[in-house]
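Go ahead and model the full structure; you've got the sequences and the hints to work with.
Protein sequence lines, in the order shown, are assigned to chains A and B. Counting from 454, one number per residue, gives the positions in the first sequence under the working numbering. Counting from 107, one number per residue, gives the positions in the second sequence under the working numbering.
There could be a bad hint or two in this list.
[Unchecked claim] Listed next, the stretches of chain A that the computed footprint assigns to chain B, with coverage defined by at least 3 CB atoms under 8 Å from CB atoms of chain B:
1. 518-528
2. 587-597
3. 615-622
4. 638-645
No wet-lab data here; the hints were simulated from the structure. Ideal Cβ positions, reconstructed from N, Cα and C, are used throughout, including at glycine.
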Amino acid sequence: MAEEKHKARTIAINTIARVEGEGALRVTVTDGLVQDVELRIFEPPRFFEAFLQGRHYDEVTDIVARICGICPVAYQMSAVHALEQIFGVEVTGSLRDLRRLIYCGEWIESHALHVYMLQAPDFLGYDSGIAMAKDHADMVTRGLRLKKAGNAIMTLLGGRSVHPVSVKVGGFSRVPRRRELEGLKDELLWARDAAVATVRWVAGFEYPDFLPDSLFVALRASGEYPFNEGQIVSSNGLQISATEFERHFAEQQVSYSNALHCTLHGSPYLVGPLARLNFNHDHLSPLARQILAGTGLTLPLRNPFHGIIARSVEILYALEESLRLIELYDPPPSPSVAVVVRPGSGTACTEAPRGILYHRYRVDADGIIREAKIVPPTSQNQGRIEQDLRLFMPRLLNLPDKEAALACERVIRCYDPCISCATHFLRLEIERE
Amino acid sequence: MERQKETTTPVRPRLGIFKFTSCDGCQLSILNLEDDLLTLGQVLDISYFPEASSDMRAGPYDIALVEGSITTPEDTHRILSVREQAKVLITIGACATAGGIQALRNWADVEAFKRVVYPNPQYIESLTASTPISEHVRVDFELWGCPIDRGQLLRLLTDLSAGVQSRLPSHPVCVDCKRRGIVCVMVAKGIPCLGPVTRTGCGAICPGMGRDCYGCFGPAEGSVLGPGVPPNTASLAKQFHHGLQLIPVEVLRRFRGINGSVKPFREESQVWERLGRDE
Ligand code: SF4
Ligand code: SF4
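As C-alpha cells, this is what we get:
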C-alpha cells in the first residue's frame, strides 16, 4: 500500500487509478482544512444505454442484466416494469409475487455477501471474509450459507443466480411448481434463524459516533415493503411517481469520474437499505420489527455505518417475505401474460439492493428500443459518499496516511457501492499544503 | 528428517484475480463457490482479489484469472503487466474471452455513444473497440460463459493444481437438451434458439426454462468434425430466416449478442447485415 501510494503520487493519477480499474479518492487538505474530496470511479464506461438502441424489447432483460453481476434482477425488474408501462401490461397475482420472490433472493444474496464478506471484516479487523474465516469460521460459514439461500431462490426462479434467464416482459418464461418452491422451505427456515442471529451480531459491533444530516430517498408503497413498486419519497417531503423522476433528479458529469453524479434539486442524497428502512419499517414483518427493536436503536437511523444493520434487517425481512410468498403460492395459469406491442415511453423505479434504480425507455411500433436511460444507485449515492467523507475527514487528519485511507474506505463501504465501481480498493491521496 | 518434512506447510500456488471491463459477474461466480470458497482459500494462496480482499500482494502469480475485456488505453498496458506476472493466465467469461457485451460498440460510432451517455464526452477515455484478452497477450486457457459456470471453474483449478492438462467439453448446448430430455424450444415453440451452435457449459439452462439459448457460452466446436471446427451457423441462420420467418436484421441480432464479436457469430451477423441492406 505504502509503495502503491508512493506510485500514485509520482504518476499521473488518471493513469494509475485506471490501472487498478477501481475507484480512487483524492482529498486536498490546506492548513488542516479539507478542501476537496473527489471520489473517482474509473470503471470504464460500457455504453449500455447507447447499444440498447436498436434492440428488440424482448432482448432488454438479457442485456441489462449484464450491467451488474451483483444485482441483475434489479436491472431486469426496472426494465420489465418500464416496458410493461408502455404496452399497458399489468402483471398481478402470483406472477407479481414471483417477481417479489426473485427480488428477495437477490437482496438476501447481495446483502449477505456485503455484510459477511465485505463489511464485517472492517469491524473485526480483517482484510477479507476469507481471512476472517480463520478465527471466525462459524460466522463466515453462516454468512456463506445465508447467501446461498438467496442464490437458491434466484436459481429456482431464474435458472441461475448471476444473470437469471427467465424474467421477461409480461412475466416469466417458466414458473416453478408448488413442490419446487416448497423444496426451498427448510433452508429458508434455517436462514431465518441465521438472519436473526446476524442482526444481533452486527448490532453488537462498535460504531463510530457519526450523524451527518442526510437526505434520504426510497420507494414507499402502500401495505408492503417496496421492491418493484411505490412512490419515490424523500425525507424533505418529495412524493412523486417514477414518471416524474427526471423533473426532480438530475445527473451531472464530473470531470474526475466515469460515473455520473445524481442529485435531487441539486443536493446529494442517500438511497439504499438505510433510507428504505427509515421510510418503510412499519411494513416489516412482525419478527423483523421485533428484532430491530431489540437492537435498541431508534429510527430514523442516520449513522451511515448502521447500514450494515439495516441490511441485516432486510435479509431477515426478505426471508420472512419469501416464506410468506411460498406459502401463498398458487401457480398461475400461464407463466406470462400476453403482450401487444405499441409505441411509447415508459419509466420505472425499483429497489435494487443498493437503492432505487430508475429506467426509462422509448419504443417504436415494431418494439424496437429507440431510447434508454438508466440511473443506477451508485451514481445516486456518489455525492452523498463524498459529503460524508468531507464530514468524516477532519477526525482523521492526524492519523498516518495509511490509517486515514482505511477509515475512508470504511465510510465508502457503508454504502456498498456497486462492486465494479469503488468498493474494495481505494487509493487515498492526501495533499497537504 | 522425514518428520520435519511432514510438518512444513507446502507452498501454496499463488492466485491473482484481475478485473478489466466487466460486470463482476464472473468474479461473483467465484464468491458463489460458497462451501468450496473457504477450501479454495486454503489450497491456493489468494494473493490478489480486490473484489473480496484488501490484502493485495504483488506478483508473480502461479495462476491469474482475468475477468473483463480491454476497452481503455490503460487496460492495454495493464494486461501486459498481468501477463508478465503470471505463469498461467486464464480468461474467465465472455468479456475476457470474447470482448463481452460491451463489444457491441465494435459496430458503432463510440464517439456518438459517448455523447448519448455523457454530457462531456471529452473526459471519457475509451477505445473504439472492446477486445478479448487474447488479442493483447498469450492466454493459456479460456473459460467461456456469461457468467462462467462454477463447476467448470472448479474443475479447471483442480486440474491445474494437480498438474493435469484440463479439457472441457465444447459440444453444443443442443446435446445437453437431448441428454436432459428437454423439449426442443425451436421445434415445439418455434423460437429461434442458438443452442445448436452454442458451447456447452451451462447445462442447457435456457431451454430448461422454456426459452431460447442466446449464446452466452460462445460458439460450440467440433460437432461431427472435431475440435477447432466452427459450428454451422450458416445453416441455423437459414433456418431462422426461411423456417421461422425472421427478417435479416432479426437474424443479425440473434448472432450479435453477448458473444457477438467472436468469429463465427461475428461473421454470421455480418452476412445478414449485408443481406438486410440488399433487400
Ligand atoms: S462475462 Fe458476463 S458475467 Fe462475466 S464479467 Fe462479463 S458480463 Fe459479467
Ligand atoms: S442456454 Fe445458452 S444462453 Fe442460456 S445459459 Fe446456456 S449457453 Fe447461456
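Violating hint indices (sorted, rising): The structure breaks only hint 4.
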